[in-house]
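Visitor: The lines below spell out each chain.
2 protein chains.
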Amino acid sequence: MAFFKVLKKDKKSSARAGIITTEKGVVKTPVFMPVGTKASVKAVTNEQLYEAGCGIILGNLYHLYLQPGIEVIEKAGGLHKFMNWKRNILTDSGGFQVFSLSRIRKIMENGVEFKSIIDGSNHFFTPVNVVEMQYRIGSNIIMVLDECIPFNDDYEYTMNAAKRTLKWAEASLKEKKRIDRENKSRIFGIVQGGFIKDIRKFCARSISEMDFDGIAIGGLSVGEKRNQTIEILKYTAEFLDNKKPLYFMGMGDPIGIIEAIGSGVDMFDCVMPTRISRNGSAFTSGGRINIKNKKYTYDLCKLDKECNCYTCRNYTRSYLRHLFKSKEILSSILLSIHNLNFIFKLVDNSRQAILSESFESFKSDFINKYGKI
Amino acid sequence: MAFFKVLKKDKKSSARAGIITTEKGVVKTPVFMPVGTKASVKAVTNEQLYEAGCGIILGNLYHLYLQPGIEVIEKAGGLHKFMNWKRNILTDSGGFQVFSLSRIRKIMENGVEFKSIIDGSNHFFTPVNVVEMQYRIGSNIIMVLDECIPFNDDYEYTMNAAKRTLKWAEASLKEKKRIDRENKSRIFGIVQGGFIKDIRKFCARSISEMDFDGIAIGGLSVGEKRNQTIEILKYTAEFLDNKKPLYFMGMGDPIGIIEAIGSGVDMFDCVMPTRISRNGSAFTSGGRINIKNKKYTYDLCKLDKECNCYTCRNYTRSYLRHLFKSKEILSSILLSIHNLNFIFKLVDNSRQAILSESFESFKSDFINKYGKI
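Chains A and B, in that order, are what the protein sequence lines are. Residue 861 in our numbering sits at position 222 of the first sequence, and the numbers go up by one each step. Residue 843 in our numbering sits at position 204 of the second sequence, and the numbers go up by one each step.
Since the hints were derived computationally from the structure, they do not count as laboratory data. The hints are all genuine.
Pairs involving identical chains hold if they fit within one copy or between any two copies, as the list cannot separate such chains.
Quick list of in silico lysine-lysine cross-link-like pairs, DSSO-like style, CA-CA up to 30 angstroms:
id, residue 1, residue 2
1, Lys802, Lys864
2, Lys984, Lys725
3, Lys754, Lys966
4, Lys964, Lys714
5, Lys966, Lys745
6, Lys931, Lys966
7, Lys647, Lys823
8, Lys745, Lys964
9, Lys720, Lys941
10, Lys984, Lys720
11, Lys944, Lys714
12, Lys720, Lys933
13, Lys964, Lys725
14, Lys745, Lys816
15, Lys882, Lys647
16, Lys754, Lys806
17, Lys944, Lys964
Just chain A, with the same shape it has in the complex (with noise of 0.2 angstroms):
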């Protein structure tokens, strides 16, 4: 079975709908991946995610390296029997993580090393050891080690970044295949390059012609606009080998995946829908909107009209204003469970309106009802 089919390109845009196919079962795409960074989606059960339709969510080696360690999991027998997580798990290498969040470390040329943020202590990433732990605790979709820079116009910093992080992606992939002789695994390469359009351009052609079985496009929505994303994604995705998976790292906003799905990505992820669920936001086919509000206080309406997940089925705009407003954990738990089943439905309904030939329609619906982030 292919690792990637897909089953129909729209003819207006570069859209397209697919199956994704692992030991662990079919993912549809374009799919959206919730965010377990340390084995668990915050705030909801893994029922609640299978109830929602999740096929895939993501973990990150870097938080699950330093806390429980690498040898916990690998004793549970993976990460999937650790968490008890039945389908896909894609996980990140944490490059983004140790240049994001380790204040001390070293770059050389062939790793990273940095201290914990737990206790203090050294720690040297590679991009050897990277996929081999990532392989050790059972991951379905291995990411390469990348350097991510912050958002910057210096062209020989971004190209010395680029050029490591290709690097890197030729030793990750030769590691991958020298342990994983069975292919039980998939590895994706990452895209870096800034925001310099030829860096991008030299950075998708490279990683296009390595034997990755997904691309990744990493580097973006770190801190730029939100239509300087957009740019540089489109301009990317021209140089990418597109009978692969295409996947947007961290991009979690409605317009911003809808936008994204126009321009041929398959996969996103994003901590965004839970993350704004602990703060009392909520996705709704009419805009974003804060549960706080004074005016929700008597609102017997569901969070979203056109929504019919568990929360919206069970609960009242006035209840979760409450909760919110008491502090309560199941304030969190609902927003997070309604959230993520606004971008499931969002990347199903993009699904079924490519396959009907229906897809520019319902995105400038969508953006149009939605309105601007």
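Dock chain B against the given chain A, drawing on the hints supplied.
Guide: Chain B in isolation, oriented as in the chain A frame:
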């Protein structure tokens, strides 16, 4: 249908098995009622409570009155609809909270004035308005307003408070009869009297003589030693009308519950099972453990080998330790589910033992295995 019926009395103790019937369904006794202070049992969904067989939860008038306010709940169609809870709700009057949480309060013969812990505004609770508000929000079992005093041995102070509570009990009962002619809700009196036996006896007899549907034992678990609690409880119970259900307010530890069942108590509530969950503690058949203990790092057993709850069916101690140490919300969710199930099973098994005439041996077996608290 009688509100309360004793099905079986234990021959060697005062334990009994019974049923309580309300318009929201049948509740088997002895019963433990999880505390949903602010219209949510902390960290769990209603479905998780239903799955655990929970037939009755607590709400707290004091907290609900301050947030979201009685009017919000009333406009939602009552507390059941507001929080979408389909089974029974007992509401506490908030007497305990007025006396324990409000630093600024003034006790008068006809009620108690207090300042909101939220915004400092002034409020006045009387026996009459407290009953009326509980009735308005649709409580199935209403508790009278009582004066809760701290642990002390001052006879005159204790007696004055007790007399006021008895006077308030009469006023509460009168108001309940006036507004609830169809007897849709039930109302319980509360026995106070501190730790002075004379006054306890006086209160127990006085409350028993009034036309309440049930009798609560209040003013215990306020900082005294466990043997003092049980001694006063046993003493008090002798003077209570045991044709009515007896409710021990604020008892949640396993040994205390099983001792109290042996003294004839039918109903319990306490924040303890959910509160300790948020601190990483778990009841097990071999005693209480704290999941953060290093020895659980690689422990692939379930929390309690004799438990079959959702948490124990699906997760290991190793994973639960990781979640707690990683401050994941799922830690509170999974431990709350387990600890509530543990207490539900304890009261259910006690009931089965009473019905099969083996309560005393069940009790001593449980205590021997569980150990001292």
